[in-house]
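Colleague: Could you build all of it, start to finish, from the sequences and the hints given here?
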Amino acid sequence: MSASIPKVQIVPGTSPDESCATFRIHDESHTIGNALRWMLMKNPNVEFCGYSVPHPSENFIHVRIQMYNDLSSLDALVTALDDLDAVCTTIGDTYTKSLQSGKYERWEEQS
Amino acid sequence: MTEVDQRRLVGIKAERVTNISSTDYPGHYPNEDHSWNLEKFTKNLKVDVQRLSNRSIDFDLVGVDASIANAFRRIMIAEVPTVAIEHVYVWNNTTVIQDEVLAQRIGLIPLNVDPAPMEMRTPGNDAPTDRNTIVFHIKLECTHNPKPRPGATEPEDLYINSEFLSSHLVWRPEGEQPAMFGENPPAPTNPNIVLAKLRPGQEIEIDMHAIKGVGKDHAKFSPVATASYRLLPHIKILKPIPPPLAEKFQRCFAPGVIKVDPRTKQVSVDPHGVRNDTVSREVLRHPEFEGHVELSRVRDFFMFNVESESAYSPQRLLPEAIAVMRQKIVEIKAGVELLRNPGGESDVVMGNT
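Going down the list, the protein sequences come from chains P and B. Under numbering that gives the first Met the number 0, the very last position in the first sequence is 110; numbers go up by exactly one each time. Under numbering that gives the first Met the number 0, the very last position in the second sequence is 352; numbers go up by exactly one each time.
Hint data in this document are derived by calculation from the structure and do not stem from the laboratory. Hints are not guaranteed to be accurate.
[Claimed, not checked] With a Cα cut of at most 16 Å, we get these calculated EDC-like pairs of lysine to aspartate or glutamate: (1) B:12 to B:336; (2) P:102 to B:47; (3) B:215 to P:57; (4) B:196 to B:155; (5) B:332 to P:57; (6) P:102 to B:59; (7) B:332 to P:74; (8) B:215 to P:26; (9) B:235 to B:289; (10) P:96 to B:260; (11) P:6 to B:336; (12) B:39 to B:23.
[Said to hold, decoys possible] If the Cβ cut is set under 10 Å, some of the chain B residues that face chain P in the computed set are: (13) 37; (14) 48; (15) 228; (16) 322; (17) 327; (18) 328; (19) 335; (20) 339.
[What the hints assert, rightly or not] Distance ranges between label pairs, derived from CB positions: (21) P:99 to B:333: 42 to 50 Å; (22) P:104 to B:182: 27 to 35 Å; (23) B:249 to P:104: 34 to 42 Å; (24) P:104 to B:237: 47 to 55 Å; (25) B:204 to P:8: 32 to 40 Å; (26) B:279 to P:74: 27 to 35 Å; (27) B:31 to P:85: 16 to 24 Å; (28) B:152 to P:95: 53 to 61 Å; (29) B:199 to P:55: 44 to 52 Å; (30) B:118 to P:51: 33 to 41 Å.
Using N, Cα and C, we set each Cβ at its ideal position, and we do this for glycine too.
Modeller: See below:
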């Protein structure tokens, strides 16, 4: 495992107190990039947040986070990931409840 | 027509769309707090299954941002694992279909194998075992039918085995697989897929290995015929429609969207029928309706349609996609924690657990 690329790296060019950073996340695409960007923007301490896919042939994304008041961008990233997880569980639970309530049309579809 | 907050609507005009991006971020509107609040989100979230069949599901996802809905759509298409034939070992193929063409067609056959108990082959661990591979075999030869019906001209009457169908695939159980699969032996979901057509003297003998993979790698591993969503249309009638034009107005929209009272010729929008509107903007083409109607879509009301083409039943696909998304979040979080304490062991025992 030590020879493999780390999942998350910080791209050089960060401020020394980690209030601004660009994270390179490997093996991810717009799927998680856009969702993470949206959740980071919901954080009132985030001054700037954007994501990009530098080249479609290379399978990683860059997430740029800039914070107000010299707060840590790493903390913001972890908070956003936790909140995204909460979103996923909430959607899963609500869907399961709707499925179990059975209040929908059932029909036979021909192959 | 139920009143929808103007901020939730994407305006649709004849030649342009307006108000496209969501603006509910902290700091966008002064004195309003749009920061992340799980309780508010849970209160506004609605997930309602509308229709369910044996092959597809229609459900509404209301109150989420487009990025989340799109993430689930992308995951359903490309990252929910399935089992499909990957390695095709051809011992004998004297048909007119080339080996590689036949192998590509065989790879696309959907199998009814539940991917959950199967292991995925990793780059360091890709020897075929009974936990990560399913073996199929086919041996077929086409011969003349010794006693055809008099006057028969169709290949199925004149020859035996004139078509190589997906039903001809024979599962070869290995190791512990008979116990694992029990009453549901691995087989193609559809037995009637024609893979090749044969004539007398042509033979096929092929071994096939099926493995677990994701749609990102090859489209044959995609569990859905497709997964898509559209936004709920919203029609607002600003000025009453003159009764002589009521029928014409109704015809500008899909059937069932506009209700015309048979006696008073009053035009109203059917709240349940509006979801069937195709938003063709036909009404914006007619000068007599100018200024009478406003078309838009509700930005956070996603009507998903997911068609399953794999071993998953359609209602299982969203939970599987949610599980894949949560797994991604776990992996990224582990990577970020490594950045926080570099060199530290990730499973250090903290205090008294």
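Colleague: Run every hint past the structure and note whether it holds.
Modeller: Results of checking the hints against the structure:
1. B:12 to B:336: The given pair, whose Cα atoms are some 48 Å apart, is violated under the 16 Å limit.
2. P:102 to B:47: holds (9 Å)
3. B:215 to P:57: Roughly 14 Å between the alpha carbons, so the hint for residue 215 of chain B and residue 57 of chain P holds.
4. B:196 to B:155: With a Cα-Cα distance of about 11 Å, the restraint between residue 196 of chain B and residue 155 of chain B holds, given a limit of 16 Å.
5. B:332 to P:57: Violated, because 21 Å separates the two Cα atoms, which is more than 16 Å.
6. P:102 to B:59: Judged against 16 Å, a Cα distance of about 13 Å means the pair holds.
7. B:332 to P:74: holds (11 Å)
8. B:215 to P:26: Satisfied, since the Cα-Cα distance of roughly 11 Å is no more than 16 Å.
9. B:235 to B:289: holds (13 Å)
10. P:96 to B:260: violated (37 Å)
11. P:6 to B:336: Holds - the C-alpha atoms of residue 336 of chain B and residue 6 of chain P are around 11 Å apart, at most 16 Å.
12. B:39 to B:23: Status holds; Cα separation ~13 Å.
13. 37: This hint holds: residue 37 of chain B lies near chain P, its Cβ roughly 6 Å from the closest one there, short of 10 Å.
14. 48: holds (4 Å)
15. 228: For residue 228 of chain B, the interface hint is violated, since the closest Cβ of chain P sits about 14 Å away, which is over 10 Å.
16. 322: holds (8 Å)
17. 327: holds (5 Å)
18. 328: holds (5 Å)
19. 335: holds (5 Å)
20. 339: This hint holds: residue 339 of chain B lies near chain P, its Cβ roughly 6 Å from the closest one there, short of 10 Å.
21. P:99 to B:333: 42 to 50 Å: About 33 Å separates the Cβ atoms of residue 99 of chain P and residue 333 of chain B, which means 42 to 50 Å is violated.
22. P:104 to B:182: 27 to 35 Å: Roughly 30 Å apart at Cβ, these two residues keep to the hinted range, so it holds.
23. B:249 to P:104: 34 to 42 Å: Distance hint for residue 249 of chain B, residue 104 of chain P is violated at roughly 25 Å.
24. P:104 to B:237: 47 to 55 Å: violated (34 Å)
25. B:204 to P:8: 32 to 40 Å: This hint is violated: roughly 50 Å between Cβ atoms.
26. B:279 to P:74: 27 to 35 Å: For residue 279 of chain B and residue 74 of chain P the Cβ distance comes to about 49 Å; the hint is violated.
27. B:31 to P:85: 16 to 24 Å: holds (22 Å)
28. B:152 to P:95: 53 to 61 Å: Since the Cβ atoms of residue 152 of chain B and residue 95 of chain P sit about 56 Å apart, the hinted range of 53 to 61 Å holds.
29. B:199 to P:55: 44 to 52 Å: holds (50 Å)
30. B:118 to P:51: 33 to 41 Å: holds (34 Å)
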